[in-house]
Amino acid sequence: MKISEDTLKNISLLSKLEIEKTMKEKISKELESILLMVDQMNEVNTDKVKPMSHPLNEAQNLREDVIAEDIERDEYLKNAPQSDEGYYLSPKVIDQK
Amino acid sequence: MSEKDEYKNWESVIGLEIHVQLSTKSKIFSNSPTKFGIEQNSQASIIDLGLPGVLPVLNKKAIEMAVKFGCSINAEIANTAIFARKNYFYPDLPKGYQISQLDDPIVGQGSVEIECDEEKKLIGITRAHLEEDAGKSIHDKYDSSSAIDLNRAGTPLLEIVSEPDLRSAKEAVAYLKKIHSIVTFLDISDGNMSQGSMRCDANVSIRKKGETEYGFRTEIKNINSFKFVEKAINFEISRQIKIKETNNEIEQETRLYDSQKNETRSMRSKEHANDYRYFPEPDLIPLQISNEYIENIRKSLPELPEQKISRFCSEYGLSIYESEILNSSKGMSNFFEKVAISVKDVKTAAKWILGDFSAILNKNNCLVEDSLISSSDLIDLLNCLNENKISDPAAKKVLEILWNEDLKVKEIIEKENLKQISNEDDISRIISEVISKNPKQLEQFKKGKEKLFGFFVGQVMKTTQGSADPKVVNKILKEKLSQ
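Those protein sequence lines, which keep their order, are chains A and B. Under my numbering, the first sequence has 40 at position 40, and the numbering climbs by one with no breaks. Under my numbering, the second sequence has 1304 at position 304, and the numbering climbs by one with no breaks.
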């Protein structure tokens, strides 16, 4: 399958990754090769194989509903480019007009 | 054509997606607390923040609560449930994806019965799945930034998706109330809509009556009260009818309800249509739920509103109407039962709880859980009534004072001198006094002016400051006046 210019643009938009002009062709090719591999896998007849959602054949470990008070907010806030009064700040986003 | 005629040709088709915050102590994938209204970001742990290298670990209690809900709507519970990543980019979702479920949700198809306009109707529930809540963005605090509070991020949500079985805004409200009562009686959520513990999105479409195909639907987001559900849906139905009646097409889109303007408006632009790119969550292995576990939960389910309503009727001799109102909330239901087991006359207790007690709660805009009158106070009061120690009007007064002052029933009766006089000798003596003081009225009464009976009752009550037992007064007064 060919990765069109539009598809590449959409992928870039969804992943929030800017793709430089000079990289476009290279990345398209790489993505195409991934799809090729998927096509190859699709050729295998899996009619009798039960779909799996995880490669580990184990049951999930569960946690007791217990709280821990080890939150160091001010430490965590230091990781953010911008914060104020205990809030993380992001560029203004408004979903509605 | 009038608006009403237009409505007649159309049928609305509604489905609800209800998000219920589960009342676990800790979050669904981390051990940070889930309290409401505490200092910003003080309960957002490194897992909730989605810092690199952290792993989610599923909360046992959230599973138990979801299974409880599933059992109570007679749904099939998955033996293997799978979590999925729903990818979207928004600052209040720090990981860049929400852990949710797509295929194999924990709760499969089930149903609930609703009653609307005295008609019963079965509403299908497609599924209910577990997911994590997002944080909150505050847009008006800073000029050029949005402030992000991630305290809510990771709070467990049960998303309950109904079939498009609802045909009016009223039915949608009845359904929402039903789900609200189930989750609160199960004690899996506090159901507090104003704090966002329960939110709902409505999918609304219309079609010509008799048609079987569905029309294009719009999704109204984040409606947070029973009243707004009804208003938002009704607005949307008439908006769609107007579009159709002028031969235009309805756009499939997400709309936001503005409760101040009572309208819905388009929320997301089309060019960036959401593409969630779901895939199985690699950080969580499939969840195995054994039949034994499910059966144990099924067996230990608490009594649900429907069962309580019929039990209240048979056990306490209440009417269906009384039982229904007493079971409209878990708090009220529990309060009533606490009182009911400690009084001699349960029907009178129901009458007082539904009447004057509820009136005081409403007047003070207060939930029964926060009532300033305790169940033991009310029990004392009802027992005094039952033993004829006070009259009905006096009991009303006591109730008011109980609310406003920190006093016990007996103290109030003493202080306000509300003790009822039901001793026949005492009342007889007072009546004799009243009669001898009013010879004119007595004469007129004897001549046939029977209305004056009321006058004498009034005089006795005045003399005793309303504390004479009216039944005894009536009886003795009749005897004395006919002498």
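Some clues are possibly wrong.
Keeping only pairs whose Cα atoms sit at most 20 Å apart, straight-line, the calculated DMTMM-like set for lysine to aspartate or glutamate is [what the hints assert, rightly or not]: (1) A:K92 - B:D1143; (2) A:K9 - B:D1092; (3) A:K78 - B:E1039; (4) B:K1136 - A:E58; (5) B:K1025 - A:E85; (6) B:K1025 - A:D84; (7) B:K1060 - A:E64; (8) B:K1095 - A:E75; (9) B:K1095 - A:E18; (10) B:K1025 - A:E75; (11) B:K1363 - B:D1345; (12) B:K1141 - A:D65; (13) B:K1035 - A:E64; (14) A:K92 - B:E1219; (15) B:K1261 - B:E1322; (16) B:K1035 - A:E18; (17) B:K1025 - A:E58; (18) B:K1095 - A:E58; (19) B:K1136 - A:E18; (20) A:K50 - B:D1103; (21) B:K1136 - A:D74; (22) B:K1363 - B:E1303; (23) B:K1141 - A:E72; (24) B:K1035 - A:E25; (25) A:K92 - B:D1140; (26) A:K16 - B:D1425; (27) B:K1060 - A:E58; (28) B:K1035 - A:E30; (29) A:K50 - B:D1104; (30) B:K1060 - A:D74; (31) A:K78 - B:D1140; (32) B:K1408 - B:D1380; (33) A:K16 - B:D1092; (34) B:K1025 - A:E18; (35) B:K1035 - A:E58.
Since the hints were derived computationally from the structure, they do not count as laboratory data.
Looking back at the numbered hints, which does the structure fail to meet, lowest number first?
2, 4, 5, 6, 10, 11, 12, 14, 15, 16, 17, 18, 19, 22, 23, 24, 26, 28, 30, 31, 34, 35
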